[in-house]
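Working from the sequences, and respecting the hints, build out all of it.
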Amino acid sequence: MEELYPICRSITGDGVRATLRAIERQIPLVCSEVPSGTRVFDWEVPPEWNIRAAWIKDSGGRTIVDLRDHTLHLMSYSAPVHAHLTLSELLPHLHSLPERPDWIPYRTSYYRKDWGFCLTHRQRQALREDRYEVLIDSDLAAGNLTYGECRIQGETEDEFLIFTHICHPSLCNDNLTGIALATALAREIANERTKLTYRFVFAPGTIGSITWLARNESRLASVRHGLVVGLLGDRGPLTYKRSRSGVATIDRIGAMVLAGFDQRARCVDFSPYGYDERQLCSPGFNLPVGRLTRTPNGEYAEYHSSADDFRILDRAALSESLRALATILAIADRNETYVNLNPKCEPQLGKRGLFRAVGGAAPGDFEHALLWLLNQSDGDHSLLDIAERSGVDFELLANAADALIAANLVRPSRLDAERRKIQ
Amino acid sequence: MEELYPICRSITGDGVRATLRAIERQIPLVCSEVPSGTRVFDWEVPPEWNIRAAWIKDSGGRTIVDLRDHTLHLMSYSAPVHAHLTLSELLPHLHSLPERPDWIPYRTSYYRKDWGFCLTHRQRQALREDRYEVLIDSDLAAGNLTYGECRIQGETEDEFLIFTHICHPSLCNDNLTGIALATALAREIANERTKLTYRFVFAPGTIGSITWLARNESRLASVRHGLVVGLLGDRGPLTYKRSRSGVATIDRIGAMVLAGFDQRARCVDFSPYGYDERQLCSPGFNLPVGRLTRTPNGEYAEYHSSADDFRILDRAALSESLRALATILAIADRNETYVNLNPKCEPQLGKRGLFRAVGGAAPGDFEHALLWLLNQSDGDHSLLDIAERSGVDFELLANAADALIAANLVRPSRLDAERRKIQ
Amino acid sequence: MEELYPICRSITGDGVRATLRAIERQIPLVCSEVPSGTRVFDWEVPPEWNIRAAWIKDSGGRTIVDLRDHTLHLMSYSAPVHAHLTLSELLPHLHSLPERPDWIPYRTSYYRKDWGFCLTHRQRQALREDRYEVLIDSDLAAGNLTYGECRIQGETEDEFLIFTHICHPSLCNDNLTGIALATALAREIANERTKLTYRFVFAPGTIGSITWLARNESRLASVRHGLVVGLLGDRGPLTYKRSRSGVATIDRIGAMVLAGFDQRARCVDFSPYGYDERQLCSPGFNLPVGRLTRTPNGEYAEYHSSADDFRILDRAALSESLRALATILAIADRNETYVNLNPKCEPQLGKRGLFRAVGGAAPGDFEHALLWLLNQSDGDHSLLDIAERSGVDFELLANAADALIAANLVRPSRLDAERRKIQ
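From first to last, the protein sequence lines are chains A, B and C.
For the first sequence, counting from 1, position 255 maps to 273 in this note's numbering; every step adds exactly one.
For the second sequence, counting from 1, position 214 maps to 232 in this note's numbering; every step adds exactly one.
For the third sequence, counting from 1, position 398 maps to 416 in this note's numbering; every step adds exactly one.
Because the hints were derived from the structure by calculation, they are not lab data.
Just so you know, these numbers come straight off a predicted model, no measurement behind them.
Every residue, glycine too, gets a C-beta built ideally from N, C-alpha and C.
There may be inaccurate statements among the hints.
[To be verified] Derived SDA-like pairs (lysine to any residue); straight-line CA-CA distance at most 25 Å:
(1) C:K213 x C:E406
(2) C:K369 x C:D396
(3) C:K369 x B:S127
(4) C:K369 x B:N162
(5) C:K131 x C:L153
(6) B:K131 x C:G368
(7) B:K75 x B:Y150
(8) C:K131 x A:G382
(9) A:K131 x A:D157
(10) B:K75 x B:D155
(11) A:K362 x C:N68
(12) C:K131 x A:A380
(13) A:K131 x B:G371
(14) C:K369 x C:D383
(15) C:K131 x C:N68
(16) A:K369 x C:P98
(17) A:K131 x B:G378
(18) B:K131 x B:Y150
(19) B:K75 x B:D132
(20) A:K362 x C:S50
(21) B:K75 x B:H139
(22) A:K362 x A:P381
(23) B:K131 x C:A425
(24) A:K213 x A:Q44
(25) A:K369 x C:T56
(26) C:K131 x C:L105
(27) A:K362 x C:S54
(28) C:K362 x B:R242
(29) B:K369 x A:W61
(30) A:K362 x C:D176
(31) C:K213 x C:A202
(32) A:K131 x A:S54
(33) B:K75 x B:S127
(34) A:K362 x C:A425
(35) A:K362 x C:T56
[Unchecked claim] Per the computed footprint, the stretches of chain A lying under chain C, defined by three or more beta-carbons under 8 Å from a beta-carbon of chain C, are:
(36) 353 to 364
(37) 377 to 387
(38) 393 to 407
This is the structure we're talking about:
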């Protein structure tokens with residue numbers, strides 16, 4: 019995050035490329051360049067934007083605002099301009115936060131050709147009648163939109179999609195924490211043997227996910243679960259936002275995992291505003307994709323301002339977020355439906371060494387897990403179903419399943435087994 | 019209501035006709051006369067009842083009770099009688115309320131030939147041993163049952179049925195408020211262009227709805243929504259009683275509209291006792307008909323007594339009831355299901371002028387309404403569904419739908435469109 | 019219970035036979051003997067165990083522990099032994115409860131050949147280094163497993179199964195109360211005319227129900243409802259444990275009946291541990307069988323120890339348990355679905371003497387029951403459904419159904435009628 023913070027990112031351009039190169043030093047990445055003007059559903063890929071310099075000087079030549087001081091000073095996608103303006107001509111191009119006079123806001127104008135500067139309200143109020151020189155040395159020209167993907171092949175083609183946006187400039191929680199934790203997670207997963215295939219997509223928000231969807235439509239049927247991730251480092255509680263359907267497997271896993279973390283963690287309903295779940299969960303795709311953040315977009319004071327810097331991050335929160343993500347992925351990967359091969363009455367577990375020999379006292383947790391698994395494994399109930407109904411820890415149930423497979427008392431259901439064979 | 023209050027109404031007779039004539043001066047009305055003896059399902063239309071005079075006099079010729087003082091003094095449908103009776107012969111024919119000694123109760127005997135007087139308990143207790151002269155100068159003879167209908171044709175034949183009973187004599191909340199507000203509502207609707215056709219039925223309770231159902235069975239399939247209305251002027255909270263199914267569209271609209279009024283407003287479950295929902299929601303019809311009252315029948319002290327007069331009415335309550343009714347009708351009329359014509363990802367609203375140009379700050383309520391409508395319009399979710407899920411105001415969503423239709427981004431679902439074409 | 023308390027029961031042997039003989043003096047019983055070695059699903063019927071004597075003596079010939087003092091002193095199914103042992107050789111065979119130093123625990127070793135003694139912790143702590151003589155004069159030999167059944171034929175073959183275990187020795191709440199109340203209930207039922215057929219099974223826990231299921235598999239389709247009963251005499255609240263499905267008719271009846279008893283009564287979810295519901299609700303059978311106890315297994319301090327004696331029983335609790343059981347059976351027996359023969363509007367109840375003659379005042383409870391029954395009897399709603407929805411007492415609804423049948427206004431639904439005809 020420290021390396022990425024100073025880069026002036028936007029939805030296209032060299033800032034995005036520099037960001038992807040930094041990620042690529044941690045995990046294998048395939049980058050795609052999509053030409054400006056490419057039609058992607060109702061949108062088209064915009065001109066590529068690159069910026070060299072941007073400042074405002076007063077008539078005395080003193081620099082009032084300079085991009086070099088903070089990437090937020092320039093409204094993202096500002097068109098080139100070099101002009102001398104009176105204060106009243108300049109003011110419509112200035113953005114500040116009166117209620118937070120020391121913070122610089124984050125503003126963009128991707129699709130309406132415009133230019134602007136963002137500054138603290140104190141800076142704005144200090145401006146006097148004068149003739150100001152304004153320079154924005156930017157390019158808005160045919161080029162490309164760039165995104166990166168890290169695919170980690172599992173035993174099956176069933177995919178878990180992790181999506182994070184990479185278009186924000188010097189903003190820490192939104193979006194450096196998403197980039198950093200997705201990268202860390204991909205590095206972890208790459209070392210494990212998994213059933214699912216994992217696809218991490220690092221792309222600009224909105225137009226990036228729209229472009230990715232347009233170019234990957236044929237493979238969306240493989241997406242079994244997905245998460246949009248970001249805003250994972252602040253001190254707020256973990257927040258899982260449900261998919262559009264609200265009852266996808268990922269939604270149930272999200273709820274189960276968050277219930278195991280601190281009590282403030284909470285699940286919220288889907289809404290069509292937020293990050294790239296807006297596109298992934300549009301009605302034409304309706305993917306089983308949830309979202310994990312801590313405090314959601316717009317709900318913390320520092321959001322989309324220069325105050326979203328390293329000071330609002332918390333090491334413990336980042337680490338908890340990573341653990342939550344890893345647990346969600348582990349449960350999705352391990353979930354399976356079993357069939358009890360001895361469904362009439364309980365099998366005699368004692369003779370297989372799976373039950374205590376002396377009766378009369380209560381059995382232990384593992385024995386309860388065995389009984390739950392046997393009782394519910396009629397081919398209709400997955401480990402997740404059983405964990406939800408029984409309250410028994412998912413991992414303990416998974417261990418019980420392993421023991422019962424070894425004893426030849428359950429087998430994976432035909433559906434799950436066949437899916438694996440096909441692959 | 020002031021004009022209707024003195025009329026001695028019952029389930030048949032000139033009181034009903036006078037009432038319908040008064041309504042007819044406000045709205046167009048088609049009146050039906052159904053002959054006594056007509057078979058209507060398990061019932062038959064009773065003889066027509068008309069009353070000229072009714073009194074009790076003591077041996078000194080002093081009038082003890084007189085119909086001219088209050089229409090409640092006579093048990094409705096009392097058979098003619100002229101007799102001299104001792105006190106003990108008279109007493110079985112007298113009805114009073116010991117616990118409310120100043121109120122006259124409302125009593126009826128429609129289907130068992132009987133006669134009786136209702137009086138305050140103070141009047142009854144003042145009676146001494148004497149020879150009383152009793153006169154009831156009534157007719158119980160072949161005639162007709164009368165009801166009135168006001169039909170307001172909409173763009174479709176889909177009907178919204180509003181039903182109110184008109185058989186109670188001088189009782190204000192039950193039933194003059196129902197008659198008055200149904201009339202006011204019909205007058206409002208008549209001036210609007212509506213999708214639905216509205217049918218207001220003014221009929222005597224029970225036998226009136228049974229007769230109406232028997233004569234309109236073939237057109238019940240057009241009834242999409244319905245409300246029984248009455249008891250709308252007291253100071254109690256608005257009370258919506260669900261239809262027999264409990265999950266009809268009208269039930270969901272009722273719940274949504276009441277949630278927007280004062281916090282005391284409440285929805286209650288269906289029960290097979292009350293007003294004409296008993297017949298409209300009988301299992302052979304099971305119409306999607308709810309009921310709107312303020313305090314329901316039997317739940318306020320003055321119910322079915324002379325104390326149900328103008329003093330228990332409240333102007334603000336009457337006005338709120340009318341607004342609630344009008345809002346329910348408006349939502350039923352406006353509800354429609356749309357199909358997003360650009361279901362893959364969001365359409366680019368900005369280029370159509372439907373989204374703010376500068377990004378970074380939160381969008382407004384109307385933009386949220388647009389996003390919700392687009393996201394949910396897969397042909398399965400009506401405006402009502404979307405309003406329930408999103409919490410966005412129904413009318414704002416309807417405005418968003420209009421904007422998206424204008425932008426060619428959604429269209430009414432085929433089902434809705436075809437229904438309109440057929441008509 | 020007083021007669022049965024001293025008998026040394028186990029899962030096979032003469033203790034079981036003596037118990038069944040005692041029951042047989044109260045109700046007709048058919049006993050089955052199933053030979054050792056018989057395969058029953060994944061299990062086999064074990065050798066029959068009989069015990070003549072068991073004691074430990076010290077080197078001075080003083081008796082330390084003797085089966086004659088308490089049947090719990092011997093670990094059930096102990097293999098024969100006669101040996102002289104040092105204290106350290108003896109200790110692994112001794113079971114006690116350090117936290118309850120005056121209680122003897124209940125321990126078993128049915129399927130691993132072993133022997134052991136159970137004693138109070140005070141007895142155990144008093145043992146000194148010595149040479150102890152140990153005698154267990156038991157047989158573990160080919161024989162039989164014994165269980166008893168009392169079948170009470172009803173008008174139909176639809177069965178209500180009541181299952182109680184009979185394998186525990188001198189333990190009062192678990193299992194003498196189950197045996198006693200099942201017996202009392204069978205005696206009551208035998209005197210009544212019932213629609214359902216009742217089958218009371220008295221069998222050893224686990225292996226008994228497994229054996230019974232193996233031998234009755236073909237008739238399980240007749241089981242419409244079932245209850246495992248036991249632990250019915252302690253001062254804890256009535257506890258209904260739902261069947262595996264959780265929504266069986268028996269589960270709804272259990273909830274309704276318990277709601278009518280003291281407020282502490284509660285329903286708990288199914289879990290695959292407990293008594294013979296483990297087998298009856300295994301996924302291969304999944305029978306609609308719930309369980310009625312007061313405090314469930316393992317949840318009271320005296321459970322499976324010598325402290326589970328007559329002192330923890332309460333006469334009022336036993337009597338309440340019996341009433342709850344009888345009510346559950348009565349509702350299951352009486353439940354039926356009716357069809358309203360006059361489904362369009364209400365029938366005119368007044369002319370049939372079923373409704374008060376004078377209108378205006380509220381009808382009574384029975385009239386409400388009539389209206390609910392008529393309104394809901396569309397062939398889809400049973401008395402139980404109607405009682406749940408309306409809150410009207412089940413028995414009052416049943417009386418209303420009888421009155422409406424007599425008036426030819428409803429009839430039993432075809433399904434119910436045909437089931438009866440077939441029989």
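Do the hints match the structure? See the list:
Proposed proximity of C:K213 and C:E406 is supported: the alpha carbons are some 22 Å apart, at most 25 Å. Using a Cα cut-off of 25 Å, the hinted pair C:K369 and C:D396 holds, with the two alpha carbons roughly 23 Å apart. Of the supplied pair hints, the one linking C:K369 and B:S127 holds, its CA atoms being roughly 12 Å apart against a limit of 25 Å. Using a Cα cut-off of 25 Å, the hinted pair C:K369 and B:N162 holds, with the two alpha carbons roughly 21 Å apart.
Proposed proximity of C:K131 and C:L153 is supported: the alpha carbons are some 16 Å apart, at most 25 Å. The suggested pairing of B:K131 with C:G368 holds, with an alpha-carbon distance near 12 Å, which does not exceed 25 Å. Proposed proximity of B:K75 and B:Y150 is supported: the alpha carbons are some 6 Å apart, at most 25 Å. Restraint check for C:K131 and A:G382: the C-alpha separation of about 22 Å stays at or below 25 Å, so the hint holds.
Proximity of A:K131 to A:D157 is assessed by CA-CA distance (about 12 Å); at most 25 Å being required, the pair is judged to hold. With a C-alpha separation of about 14 Å, the suggested pair B:K75 and B:D155 falls inside the 25 Å cut-off, and the hint holds. A threshold of 25 Å between alpha carbons decides the hint, and for A:K362 with C:N68 the separation of about 29 Å lies outside it, so the pair is violated. Under the criterion of a C-alpha separation no larger than 25 Å, the hint pairing C:K131 with A:A380 is consistent with the structure, at around 20 Å.
The suggested pairing of A:K131 with B:G371 holds, with an alpha-carbon distance near 14 Å, which does not exceed 25 Å. This hinted pair checks out: C:K369 and C:D383 have alpha carbons roughly 19 Å apart, not beyond 25 Å. The straight-line distance between the Cα atoms of C:K131 and C:N68 is roughly 14 Å, inside the 25 Å bound, and the hint therefore holds. This hinted pair checks out: A:K369 and C:P98 have alpha carbons roughly 21 Å apart, not beyond 25 Å.
For the proposed pair A:K131 and B:G378, the alpha carbon gap of about 16 Å is at most 25 Å, so the pair holds. Straight-line distance between C-alpha atoms of B:K131 and B:Y150 comes to about 21 Å, which keeps the hinted pair within the 25 Å bound. At most 25 Å may separate the alpha-carbon atoms for a hinted pair to count; B:K75 and B:D132 meet this at roughly 19 Å. With a CA separation close to 21 Å, the supplied pair A:K362 and C:S50 stays within the 25 Å bound.
Only pairs whose Cα atoms come within 25 Å are accepted, and B:K75 paired with B:H139 is accepted, the gap being roughly 17 Å. Restraint check: the Cα-Cα separation between A:K362 and A:P381 comes to about 21 Å, which is no more than 25 Å; the hinted pair holds. At most 25 Å may separate the alpha-carbon atoms for a hinted pair to count; B:K131 and C:A425 meet this at roughly 22 Å. Proximity of A:K213 to A:Q44 is assessed by CA-CA distance (about 23 Å); at most 25 Å being required, the pair is judged to hold.
Between A:K369 and C:T56, the direct Cα distance comes to roughly 17 Å. Compliance with the 25 Å bound is thereby established for this hinted pair. Pair hint C:K131 plus C:L105 holds up; C-alpha atoms about 21 Å apart against a cutoff of 25 Å. Simply put, A:K362 and C:S54 have alpha-carbon atoms about 20 Å apart, close enough for the 25 Å limit, and the pair holds. This hinted pair checks out: C:K362 and B:R242 have alpha carbons roughly 18 Å apart, not beyond 25 Å.
For the suggested pair B:K369 and A:W61, the alpha carbons sit about 10 Å apart, so the restraint of at most 25 Å is met. For the hint pairing A:K362 with C:D176, the CA-to-CA distance comes to about 22 Å; that is within 25 Å, so the pair holds. Restraint check for C:K213 and C:A202: satisfied, since their Cα atoms lie roughly 19 Å apart, inside the 25 Å limit. Pair hint A:K131 plus A:S54 holds up; C-alpha atoms about 15 Å apart against a cutoff of 25 Å.
A distance of roughly 23 Å separates the Cα atoms of B:K75 and B:S127; the hinted pair therefore holds under the 25 Å criterion. For the proposed pair A:K362 and C:A425, the alpha carbon gap of about 48 Å is over 25 Å, so the pair is violated. This hinted pair checks out: A:K362 and C:T56 have alpha carbons roughly 16 Å apart, not beyond 25 Å. Closer than 8 Å: that is the beta-carbon criterion, and the segment 353 to 364 of chain A has 6 residues meeting it against chain C, so the requirement of 3 holds.
Chain C is given as covering the segment 377 to 387 of chain A, and this holds because 6 residues of the stretch bring a CB closer than 8 Å to a CB of that chain, at least three being needed. For the segment 393 to 407 of chain A, the stated coverage by chain C holds: 5 residues have a C-beta nearer than 8 Å to a C-beta of that chain, and at least 3 were required.
Checked against the numbered hints above, the structure breaks hints 11 and 34 and satisfies the rest.
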